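Here the protein sequences come in this chain order: A and B.
Count the first sequence with my numbering and you get residues 1 to 321, in order.
Count the second sequence with my numbering and you get residues 1 to 321, in order.
Since the hints were made in silico from the structure, they are not lab data.
This one's a predicted model, so the numbers in the text were calculated from it and none came from an experiment.
For glycine and all other residues, C-beta sits at the position ideal for the given N, C-alpha and C.
One should not assume that every hint holds.
[To be verified] Examples of chain A residues lying across from chain B (beta carbon under 7 angstroms, computed):
| # | residue |
| --- | --- |
| 1 | K252 |
| 2 | F303 |
| 3 | A305 |
[Said to hold, decoys possible] Calculated from the model, a selection of chain A residues having no Cβ within reach of chain B, i.e. all distances over 10 angstroms:
| # | residue |
| --- | --- |
| 4 | A7 |
| 5 | P220 |
| 6 | V229 |
| 7 | V280 |
Number of protein chains: 2
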Amino acid sequence: MENVISATAAAVLRGEVRATARLMRALDDRLPGSTDVLRALYPHTGRARVIGLTGNPGSGKSTLAARLVGHWRAAGLKVGVLAVDPSSPYSGGAILGDRIRMMEHAADPGVFIRSLATRGALGGLSRSTGDLVHVLDAMGCDVVLIETVGVGQDEIDIMRTADTVAVVVVPGLGDEVQAIKAGILEIADVFVVNKADVDGADRTVADLRTLQMLQSVTPPWQPPIVSTVAARGEGVASLAAELDRHGAWLRKTGAASGRLRERAAFVISSLVRDACGRAVDRWLAGPGAALVDEVAQRHTDPFAAAHLALQATVLQRAPVL
Amino acid sequence: MENVISATAAAVLRGEVRATARLMRALDDRLPGSTDVLRALYPHTGRARVIGLTGNPGSGKSTLAARLVGHWRAAGLKVGVLAVDPSSPYSGGAILGDRIRMMEHAADPGVFIRSLATRGALGGLSRSTGDLVHVLDAMGCDVVLIETVGVGQDEIDIMRTADTVAVVVVPGLGDEVQAIKAGILEIADVFVVNKADVDGADRTVADLRTLQMLQSVTPPWQPPIVSTVAARGEGVASLAAELDRHGAWLRKTGAASGRLRERAAFVISSLVRDACGRAVDRWLAGPGAALVDEVAQRHTDPFAAAHLALQATVLQRAPVL
Numbered sequence: 001m002e003n004v005i006s007a008t009a010a011a012v013l014r015g016e017v018r019a020t021a022r023l024m025r026a027l028d029d030r031l032p033g034s035t036d037v038l039r040a041l042y043p044h045t046g047r048a049r050v051i052g053l054t055g056n057p058g059s060g061k062s063t064l065a066a067r068l069v070g071h072w073r074a075a076g077l078k079v080g081v082l083a084v085d086p087s088s089p090y091s092g093g094a095i096l097g098d099r100i101r102m103m104e105h106a107a108d109p110g111v112f113i114r115s116l117a118t119r120g121a122l123g124g125l126s127r128s129t130g131d132l133v134h135v136l137d138a139m140g141c142d143v144v145l146i147e148t149v150g151v152g153q154d155e156i157d158i159m160r161t162a163d164t165v166a167v168v169v170v171p172g173l174g175d176e177v178q179a180i181k182a183g184i185l186e187i188a189d190v191f192v193v194n195k196a197d198v199d200g201a202d203r204t205v206a207d208l209r210t211l212q213m214l215q216s217v218t219p220p221w222q223p224p225i226v227s228t229v230a231a232r233g234e235g236v237a238s239l240a241a242e243l244d245r246h247g248a249w250l251r252k253t254g255a256a257s258g259r260l261r262e263r264a265a266f267v268i269s270s271l272v273r274d275a276c277g278r279a280v281d282r283w284l285a286g287p288g289a290a291l292v293d294e295v296a297q298r299h300t301d302p303f304a305a306a307h308l309a310l311q312a313t314v315l316q317r318a319p320v321l
Numbered sequence: 001m002e003n004v005i006s007a008t009a010a011a012v013l014r015g016e017v018r019a020t021a022r023l024m025r026a027l028d029d030r031l032p033g034s035t036d037v038l039r040a041l042y043p044h045t046g047r048a049r050v051i052g053l054t055g056n057p058g059s060g061k062s063t064l065a066a067r068l069v070g071h072w073r074a075a076g077l078k079v080g081v082l083a084v085d086p087s088s089p090y091s092g093g094a095i096l097g098d099r100i101r102m103m104e105h106a107a108d109p110g111v112f113i114r115s116l117a118t119r120g121a122l123g124g125l126s127r128s129t130g131d132l133v134h135v136l137d138a139m140g141c142d143v144v145l146i147e148t149v150g151v152g153q154d155e156i157d158i159m160r161t162a163d164t165v166a167v168v169v170v171p172g173l174g175d176e177v178q179a180i181k182a183g184i185l186e187i188a189d190v191f192v193v194n195k196a197d198v199d200g201a202d203r204t205v206a207d208l209r210t211l212q213m214l215q216s217v218t219p220p221w222q223p224p225i226v227s228t229v230a231a232r233g234e235g236v237a238s239l240a241a242e243l244d245r246h247g248a249w250l251r252k253t254g255a256a257s258g259r260l261r262e263r264a265a266f267v268i269s270s271l272v273r274d275a276c277g278r279a280v281d282r283w284l285a286g287p288g289a290a291l292v293d294e295v296a297q298r299h300t301d302p303f304a305a306a307h308l309a310l311q312a313t314v315l316q317r318a319p320v321l
């Protein structure tokens with residue numbers, strides 16, 4: 001086992017694609033030893049720039065992602081892509097859909113693409129995203145692009161994994177989008193107004209500027225607003241330049257180390273939550289099944305049941321991380 | 001303390017709005033005793049029908065929610081509404097935005113409306129949603145409507161709280177929506193094609209039918225597809241009737257008890273995860289701060305750190321639920 005672990009780690013560090021893909025699947029399936037490989041890789045991570053790209057369905061975010069990958073490839077960079085798909089809580093499968101636009105890069109050995117599906121497990125998604133970033137970092141990617149849909153709690157958690165977050169908005173999605181904008185103001189390091197050739201694009205840029213001006217505190221980094229037409233590749237170089245500028249700002253001001261600390265605390269906490277939760281889930285599906293019935297029938301309240309579950313699991317034996 | 005708890009519980013059970021609002025705020029702020037009130041209410045819950053309504057921004061979901069509330073009010077039902085807003089991980093505030101459409105019901109004593117913001121806490125949102133459903137149920141609501149944006153992991157978790165889930169889609173949002181549809185197929189009990197008066201509505205209905213036909217297994221309940229024009233109130237009565245029909249099906253087939261079991265297990269597990277996570281978070285912010293630094297600087301790997309955090313917190317003293 002020891003040998004397999006160090007051999008796999010070495011293969012990933014040499015940038016071998018098949019070993020990397022195999023490790024990623026093993027991490028997904030929580031195969032024994034996969035975590036040990038990750039631990040062996042950990043000291044060799046921290047080199048890649050991690051870029052988050054998020055936006056609502058229909059924002060052209062995937063086309064933009066493919067364009068960015070093309071830009072970085074032209075600059076000779078090795079690129080990793082993690083595409084996070086919302087998916088069924090039951091089937092656990094990733095959805096293809098708009099992944100197709102990324103296919104032009106699928107045959108390029110300098111691009112490693114991986115789709116992640118949520119598996120209906122609490123916190124499972126954000127944990128695995130972080131793990132896969134480490135693997136891509138260790139296998140020599142210069143840039144790792146994480147692409148997510150929307151700006152819910154999931155996306156916020158995932159974005160904690162990124163150094164720089166770009167939020168894509170499009171003109172004319174109606175007033176409900178305004179409400180969301182207020183939420184994304186604080187996760188965005190760069191705004192992208194995509195489909196900048198359609199009516200209302202100037203208005204969207206102006207709206208974003210207004211929202212920024214209305215902030216009660218001027219943030220140390222004011223997110224630039226970049227206009228793009230991803231379908232034609234327009235504005236992609238400017239976007240890449242702004243992402244670089246934010247990266248340089250992070251390093252110069254020391255803000256990077258604050259983000260690293262925040263991310264470290266988040267990862268440690270997620271690992272413990274996840275381990276405790278899995279121990280309880282296993283117990284509830286087996287010896288604790290009668291307790292679930294009692295709560296379902298309202299003979300026991302959930303807090304009393306959680307107390308019993310905690311006693312029977314985590315406090316009985318330290319859960320496996 | 002004992003007296004305050006039973007007095008608050010009694011006031012909520014009498015349907016007093018101010019006591020209910022106060023309890024909800026206390027639960028949000030995790031004030032001491034608030035959980036005890038919830039426990040006292042628990043045996044009196046299980047009467048309300050819980051309806052989930054989800055859909056992307058721009059789907060007109062909030063207008064539809066307001067119309068449904070109007071429909072139920074006209075039938076003499078007491079209605080609770082929980083509107084889950086995506087929001088900042090920093091400010092913790094709820095966003096108003098499209099809540100405004102619900103305002104016509106704000107002055108109606110038979111409608112209790114509450115906006116929930118995510119607070120950037122892992123699992124915090126889904127837990128509090130479930131708690132607030134119990135409170136609204138206990139205070140005498142006949143129907144509790146939970147409204148969320150999107151269909152990410154959060155929404156899936158929240159929807160586990162509902163008996164019946166309606167998913168709103170609109171015509172012509174482009175092909176990225178198709179990808180999401182595949183994910184929502186399995187959480188939807190009823191499909192709503194809103195804005196059914198615009199071009200492409202027939203096509204959207206046909207697409208949904210096709211997706212349903214392509215399922216490898218015919219589900220025991222085939223979700224009906226209801227066309228609505230929420231802005232004009234069209235189709236709202238049909239939607240309400242389909243929601244009722246699903247409720248009747250749940251009760252008749254015993255599927256309801258399966259959902260109750262699943263929900264109970266989810267709540268127990270979430271409570272334990274949350275308690276363990278909070279204990280770790282507190283520790284990392286204090287005595288464990290040096291460990292966070294070590295991980296941030298890659299001198300310690302996150303798994304070793306999580307092991308230490310687990311030893312120093314949860315295993316040292318049972319976390320408070």
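To see whether the hints hold, each was checked on the structure:
1. Contact between A/K252 and chain B, as hinted, is not supported at the beta carbon level, the nearest pair being about 18 angstroms apart and thus beyond 7 angstroms.
2. Checking A/F303 against chain B by beta carbon gives a least distance of about 5 angstroms; that is within 7 angstroms, so the hint holds.
3. At about 5 angstroms, the closest approach between the beta carbon of A/A305 and any beta carbon in chain B falls short of 7 angstroms, and the interface hint on this residue holds.
4. Here A/A7 stays apart from chain B, with its beta-carbon at least about 19 angstroms from theirs, past the 10 angstroms limit.
5. For A/P220, the non-interface assignment is confirmed: its Cβ lies about 14 angstroms from the closest Cβ of chain B, beyond the 10 angstroms cut-off.
6. For A/V229, the shortest C-beta to C-beta distance to chain B comes to about 15 angstroms, beyond the 10 angstroms cut-off, and the non-interface label holds.
7. Here A/V280 does not stay apart from chain B, with its beta-carbon only about 5 angstroms from theirs, under the 10 angstroms limit.
Checked against the numbered hints given earlier, this structure breaks hints 1 and 7; the rest are met.
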